[in-house]
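Given chain L's structure and the hints, the job is docking chains U, V and P onto it.
There are 4 protein chains.
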Amino acid sequence: VPPNYVNMGLQTAKTRQKMFRHLMDQRKWPQEGWDDQTIEILVNEIASMDSNNFISKGGVGEREGRIYSNIVSRRHFGMAHGMGRSGDLAEAQPKAAGSSLLCTLTNALVLDLMHTFVCGKVVDAMVVPMATGMTISLCLQTMKEARPNAKWVIWLRIDQKSCLKAIQSAGLSPIVVEPKLVETSLVTDLEMIDSVIKERGTESILCVISTTSCFAPRDCDDVGGVAQLLKNTPIFHLVNNAYGIQSLACVRAIDRGCRMGRMDIVVMSTDKNLMVPVGGAIVAGYSKEIISQIQKSYPGRASSSQSLDVFITMLSMGVKGYKALITKRAENFLYLQLKLKSICMAHKLQMLLSKNNDLSTAISLGDLTRAVGVTEAEMPTFFTKLGSLLFFRNVQGARVIIPSQTQTIGQVELEGWGCHSPLYKLPYLTAASTLGMEKADVDFFIKKLDECLKMLKKPRTD
Amino acid sequence: VPPNYVNMGLQTAKTRQKMFRHLMDQRKWPQEGWDDQTIEILVNEIASMDSNNFISKGGVGEREGRIYSNIVSRRHFGMAHGMGRSGDLAEAQPKAAGSSLLCTLTNALVLDLMHTFVCGKVVDAMVVPMATGMTISLCLQTMKEARPNAKWVIWLRIDQKSCLKAIQSAGLSPIVVEPKLVETSLVTDLEMIDSVIKERGTESILCVISTTSCFAPRDCDDVGGVAQLLKNTPIFHLVNNAYGIQSLACVRAIDRGCRMGRMDIVVMSTDKNLMVPVGGAIVAGYSKEIISQIQKSYPGRASSSQSLDVFITMLSMGVKGYKALITKRAENFLYLQLKLKSICMAHKLQMLLSKNNDLSTAISLGDLTRAVGVTEAEMPTFFTKLGSLLFFRNVQGARVIIPSQTQTIGQVELEGWGCHSPLYKLPYLTAASTLGMEKADVDFFIKKLDECLKMLKKPRTD
Amino acid sequence: VPPNYVNMGLQTAKTRQKMFRHLMDQRKWPQEGWDDQTIEILVNEIASMDSNNFISKGGVGEREGRIYSNIVSRRHFGMAHGMGRSGDLAEAQPKAAGSSLLCTLTNALVLDLMHTFVCGKVVDAMVVPMATGMTISLCLQTMKEARPNAKWVIWLRIDQKSCLKAIQSAGLSPIVVEPKLVETSLVTDLEMIDSVIKERGTESILCVISTTSCFAPRDCDDVGGVAQLLKNTPIFHLVNNAYGIQSLACVRAIDRGCRMGRMDIVVMSTDKNLMVPVGGAIVAGYSKEIISQIQKSYPGRASSSQSLDVFITMLSMGVKGYKALITKRAENFLYLQLKLKSICMAHKLQMLLSKNNDLSTAISLGDLTRAVGVTEAEMPTFFTKLGSLLFFRNVQGARVIIPSQTQTIGQVELEGWGCHSPLYKLPYLTAASTLGMEKADVDFFIKKLDECLKMLKKPRTD
Amino acid sequence: VPPNYVNMGLQTAKTRQKMFRHLMDQRKWPQEGWDDQTIEILVNEIASMDSNNFISKGGVGEREGRIYSNIVSRRHFGMAHGMGRSGDLAEAQPKAAGSSLLCTLTNALVLDLMHTFVCGKVVDAMVVPMATGMTISLCLQTMKEARPNAKWVIWLRIDQKSCLKAIQSAGLSPIVVEPKLVETSLVTDLEMIDSVIKERGTESILCVISTTSCFAPRDCDDVGGVAQLLKNTPIFHLVNNAYGIQSLACVRAIDRGCRMGRMDIVVMSTDKNLMVPVGGAIVAGYSKEIISQIQKSYPGRASSSQSLDVFITMLSMGVKGYKALITKRAENFLYLQLKLKSICMAHKLQMLLSKNNDLSTAISLGDLTRAVGVTEAEMPTFFTKLGSLLFFRNVQGARVIIPSQTQTIGQVELEGWGCHSPLYKLPYLTAASTLGMEKADVDFFIKKLDECLKMLKKPRTD
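Protein chains in written order, with our numbering: chain L, 8 to 469; chain U, 8 to 469; chain V, 8 to 469; chain P, 8 to 469.
Honestly, I wouldn't trust all of these hints.
Label-pair restraints from in silico Cβ distances [what the hints assert, rightly or not]: (1) V:K392 to L:A337: 48 to 56 Å; (2) L:E152 to U:K21: 57 to 65 Å; (3) L:K35 to U:E296: 44 to 52 Å; (4) V:A384 to L:K35: 47 to 55 Å; (5) P:P155 to V:V183: 16 to 24 Å.
With a straight-line cut-off of 27 Å between C-alpha atoms, the simulated DSS-like cross-links for lysine-lysine are [as the list claims (entries may be wrong)]: (6) L:K25 to V:K455; (7) P:K446 to U:K330; (8) U:K21 to V:K64.
Read the hints as simulated data drawn from the structure, not as lab findings. For clarity, every value in this text was computed on a predicted model and none was experimentally measured. All C-beta atoms in this analysis are idealised placements derived from N, C-alpha and C, irrespective of residue type, glycine included.
Just chain L, same shape as in the assembly:
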């Protein structure tokens, strides 16, 4: 093979090596996404730094990273040693330089993601190989070690079990602060938080958990207002920004928080924000210490599989690719609202507008009940049927909410479960536009929703 051809070929190898070195040195999210072959070469090179992939070796320990199944080995590029050591999630492993490097780089990328898309004041960030619920629990445990006498966590109600259970599983007690109803939106009740703090005393309250991303008609919490209340108190402020990186409303709320008061930790889902399978969370901290404390309080080693997914995905997207996804999502949200408006027109229903929720939207189904002549007693069955009709037509993620349900989680009883508030008395339907959604999803949903509404409105022949 003539040397000039080979040189041309090797130039690409050199370009790749430059990209790799740049990533190692700069630890920044590349602007342009990388192609799959480049990513696989890098991951394989990293993996080959783990001792179980060494060519000549002898293992006489209790965990030598031997993988039995070929299929499993391939899934993990031969990496077997996971993340961290028994003392610290962030500690490098002598046996697994590659896995250690992978996790370190992923955390660097995630920090850059925070700076570029969420908040420039974040100081450190990491991928935790547990979903948001368990991760919030870990954060709360770490906080508790710092303030062992504070037993209460103020929880701004959002009707999703994980967060409340996270508080309980951390051995803490929640104080539920219900949202206020302003027009058709449910918004943060700052006065109530303030009065709870005053009543119980700052020393007894460990943390306030506010939530940004949520289903309409609940609004993104007033993170700024909460942060301001916590200024100069010892109370931690944890923001559950579950799928909020993609939302301008959520990101703005966090930004206001930084400017106005106390912010400690923001927790985000990797699957919902980065389009990877469920299983990881991003923890972003406003001090190096708090992230380091979390890493140290985690007992033992952990999976690096979630970091691998995030690493591959972020390199594949690049900053530009991610921006494009966010833009498309915002467009699809407008398109979804537009289409729902036309459904509302056709079926004489009402949109439930939320000022501060650009992810999810809702339509009231109250008029439908009246139109069809469903009694209050029949309502649950009637709306369960609507949900079921949609589900069996492969519409996913649309939720039909029936008011006046009650749910008990641990010791806490929540009235109006599903609506985030007992004040919400209307049955309604929510739908969201999130990363990766296509216009075709909206069209499919709207078509099926129209069909289902027509079916429901047919006079009953029984």
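Just chains U, V and P now, kept in the frame of chain L:
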């Protein structure tokens, strides 16, 4: 294509379908291992039951299982929804029948593994997508919910940080019970446990954690003795059987526990026992309720990646394959001891025999110090050098232990760190034989150890 | 897992099974492209029908389809038996019902491709696992068996070695018919063909090979005119439609051929028309017999790897996807011409327009020579440098053609090699727009071409 | 990540790079097999040298190596350009330095395979991406170009269609030389070859094709004797060593050929000798020129998929791994013979011993006919049934041969088709032991054969 050829071909498809149905119906670990193609077909069929893999659909929720990267999607066979729901790790997901089925089947296989290889009295078992440390913490939290007034955990000392940190991260306080030195082995001090219980009172003690698999010269704990002490007390008994499935000594200890007294939970590592990457644990319970409580106390959803690894690996091994691995491991342990004996003869060192440890063995390095003329002050440097020489020769897992070190973890100070006891005054080296080890590993280790010992014994020329 | 969730999941499995059955029954190219998971499930199911993938078996033959390497096995989905039997490429293999089915289905898809995109009168078609050159050779050998006394093949000159070598390797002798120069295009010289036939006699001429897709300024051959000349003669007509499926001009020429006279075989490249790796060709025949004869005259078995690539790719594209690719290609051709025009304006060069070539376009570089003051003797070096400058800037596929070169292939001497004709006296550059090209390719090319032209025009400082 | 850990990790990367460089420089088959990860890293690095994998590029040619389907791209590691250029199969491609390098290296490995396992006097060798039949045809065409007046090919009869069809498809005429019956073996009739040559004259005879590997009771041809006859004649000698690399008998015959007379080309199957899928052949030449001529006479480009399979497989095996396979095969052949002897004892049948065939063995079924009372007229049906019974029990590769069948291939009529000779009058069954066979295959076969023979011997109840 002639129909008789096609029929021959379809027969295999039918055989596979029969194997699949048998697995679904019986939920037992197949005797014979499956080939990779069969496993991949099954996993793909299961994955295609998840809604994100449906061909016609519309997703308007906040988590639609969209995977951005092709590489990531392929790693997970397109499964994105993880395990469980916000209320319960064991709950099936409406959007993800496939992932739910996968996790359910994996738990059934793991229960069968328990029955076949560990203990027939186990009632329920599951794969938790966190490594043993964090899993033990989760178990303790669940126990604490049942007995909120019990604050203490009796921990039978083993010098590995995870378990101790797990106790602390569950918000509990450890009581360290040191082992007794009997000849050269460190064994369970039942009298001390008994006196601690009497002193503090059963009501204040939540749990005793005993450990089976460990490094020599520590022995497998006397699980039976501990279980007997806890009989008729409210104190939970959790056995940390980290990598003990492969060890007859550990399995027998657990079996004695069942016969003699109280057993609640056994925790095991998936990576060390099943040759998958780090990141999961098996929790086996002696009642349905305790497993169910753990599943319910886990906040939120979790990764199904660990279950997938276990599922694939167990089908690939089959019961017979696993038996063969265990037999080979036991043979290699004898081979390792034999070879170490010859090293001891050659270098005039002593084996440190443990009666009840068939995983790990140790040799005293005390005579080496004397032979070379190393002072007590020089000892740490001298033995650190031995560890380092071995490490840089790609010997993995052999540990050189220097006595009289102290380590503080949380509030707990442990003297003689590394030796599991302040009573152990000899420097020593440990090596283990675990699943998947080859004779070549032993040969490599012995050759390099011999080299390193010779280097160390050379008269210093400086 | 609740049965209604499972049923939802199984619905997709059923949908897939319906798609598979539809494909088997109808043997038509699906309108909509299939997703990768669906394709892989089908290919795995087909592969599992091959006897080497049977679960229980005993092989005592000389070829049992055993694959040594895991990587290789995976590349082929475990299929090892290739295509055909020693007697016939189209024959089904008793040991390999799956592979046989795969090849049969692929041929059916390819026939449908012919009907939908090339010519409705094609009667049979197949994928031959050799590239176009060797495939044309095979076709000619088959024809020769039918007419053993005919020794000559009339070859409408196109400056690419394969076709000419194919004639020679089939043991036949070419008669080169040069194209005519009409304005700036090179077009078929029908009169010359006619006079050659008359001179040598129809009995001595085996075949005429016309070529559709080619580089400008050569035009697509007048297939209709040639077909008309061959009407009522025993002379076979083979059309080399190498990458012409994507071109309206080529397809129209073939269609005219069918209406006006004799057509026997059309040969096409799989890589250039279907975006798969090099290695296969499509042979389309205007009678069942001729395809069957080709299959029978092929000695021995052959690789099914090319059929697998085509099968996967066609299912992935669907008819709609392929239409979209063709439309985009046509748009990019216009865009390429537009951009080249602007380059010509800027550098005072001339476009060389071809009436009947919608794949490739050319610009004359004659004026450049004059502008820079390059003598005729310096021309080859000068233009070689242009080619080389482009090549080392990663511009691929642009060719710089220098007139008055001579090339001897076998016994045949071709003057003006590279230009398809000794009549073409201008140096020129060609570029093409083919399937899968992106606008970015055009932009990259134009930018680099501009740079290179500027460099060449710089006054020489030596 | 601490630098000393990283350095340890990079050491493996360096080891790999050394292995790669050693392979490039030495071009020898490594003694030790490589692990899959190492192989994949190398193949990916090679693939990334192809221009279609460049990160920044613009393609304006007709073949830019664009691959549509992700699945297809992955199968080929992104390599799309195949092998060779229109002028020469061995020529490097400017656009595809990687693919060119891959093919060059593979040919070097294959040459080393020849030297190590077949014959030290081979001068050049290559992988041809066509199975043996078509490859023999290509060799004959190339020979014919050198000696256009020689029309005849002497073919030492073996009853397998490919080789005979290869002669015909090369436009040549076969002279069939039947084997002699010596005891129960069919052996080369040297006198007949000699008299044919004398009769027709050396000038008119292009080539003699001898065959080594074959089914008993045909023996490996006397390659030495044939070579001696051809010494000092212009007649080429092509040895069809289809699956003979694994056989000591075949290799010895070739070696004798080299020492005793004229040898030109040896053709071997890649699938049968190297356990890859069907589709390639190895051509080994006793002069540089003949291999070079074959490469030059091949019209156009070709698939590199077969070379890739061979490359991966040979690296995976290493010389040692291949030796082990060959040893195991020889052992299994003895085991097969042993087991067949016991079947013969049990069913009162005769072994048909061949002196010079260590691949395949046969047993006479004549006594069976007598035992069951089958008339000559019923024989075909009776033995077809035996074949079919075995086939439907998943016994593959065992052949039941019925004497006195006739087959016409092209112009040639062969009496006693299947037996390699009209002299063989006994029905018989053959079985072989080839690379990759397991003892379990033999056991399965013997068990099923025993069953089938018992079934056949049951008194008919109809």
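- [ ] Provide an ascending list of the numbers of those earlier hints which the structure does not satisfy.
- [x] none
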